[in-house]
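Residues in the sequence shown are numbered consecutively from 0, following numbering that gives the first Met the number 0.
Do not rely on the hints blindly, as some may be mistaken.
[What the hints assert, rightly or not] Simulated restraints on C-beta separations:
| no. | residue 1 | residue 2 | range |
| --- | --- | --- | --- |
| 1 | Ser90 | Asp36 | 39 to 45 Å |
| 2 | Val94 | Val48 | 31 to 37 Å |
| 3 | Glu192 | Leu45 | 16 to 22 Å |
| 4 | Arg196 | Arg55 | 24 to 30 Å |
| 5 | Gln168 | Thr120 | 19 to 25 Å |
In case anyone wonders, no lab produced these hints; they're calculated from the structure. All residues carry an ideal CB built from backbone N, CA and C; glycine is no exception.
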Amino acid sequence: MKTPALASLVAMTAAAAVASAQPAQERPPVLRDVGYDQRLGERVSLDLVFRDESGRGLRLRDLFRGRPVVLSLVYYQCPMLCTLTLNGLASALSVLTFDVGREFDVVTVSFEPKETPALATARKKAELERYRRPTAEAGWHFLTGAPGSIDGLTRAVGFRYAWDAETRQYAHPAGLVVLTPDGRIARYMYGVEYAPRDLRLALVEASQGRIGN
């Protein structure tokens, strides 16, 4: 017998499979506009303005410090999928010999403009309890932003999502975007589990300015 959480996860996985296997016109309406459009080699505007978990305003360029960046797009009050994505990321990062905040940085951005730095702070605390390395406090950033900045970032990386009025949740893809030190899109990693070997390779390539496939 499935628990409610397991049943939800099964349903979510099935929906994702349907979305990827069917042509857009055959998908359930809420999933037709959901997914990633690959934009490898394109540059994200580093002048987009967000707030970090402390409420401090910053531009994305403030977080690009000569090393690659792993970008995750979530919303902090997401009931399940975003937590799975972040937990999967933390698990993969824990295996790497590279340290967040030393060889690369992680930028997690909420695509829900109503969310606050307080929610970002709570999520950061939870993830850093999973990824216990001292450099992560200064290297894993949790951001919120205004609609214009969110739209600019999601469009730049091809992240398509939609509000589902029936479930009162966002329908959105799960995955990561690895960026070069100058903000170009180097690789996409899909799903909620990430092979540490693949993540390491993506970071090495991105650090050299190489674009994956």
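Q | Hints not upheld, ascending by number | A | 1, 3, 4
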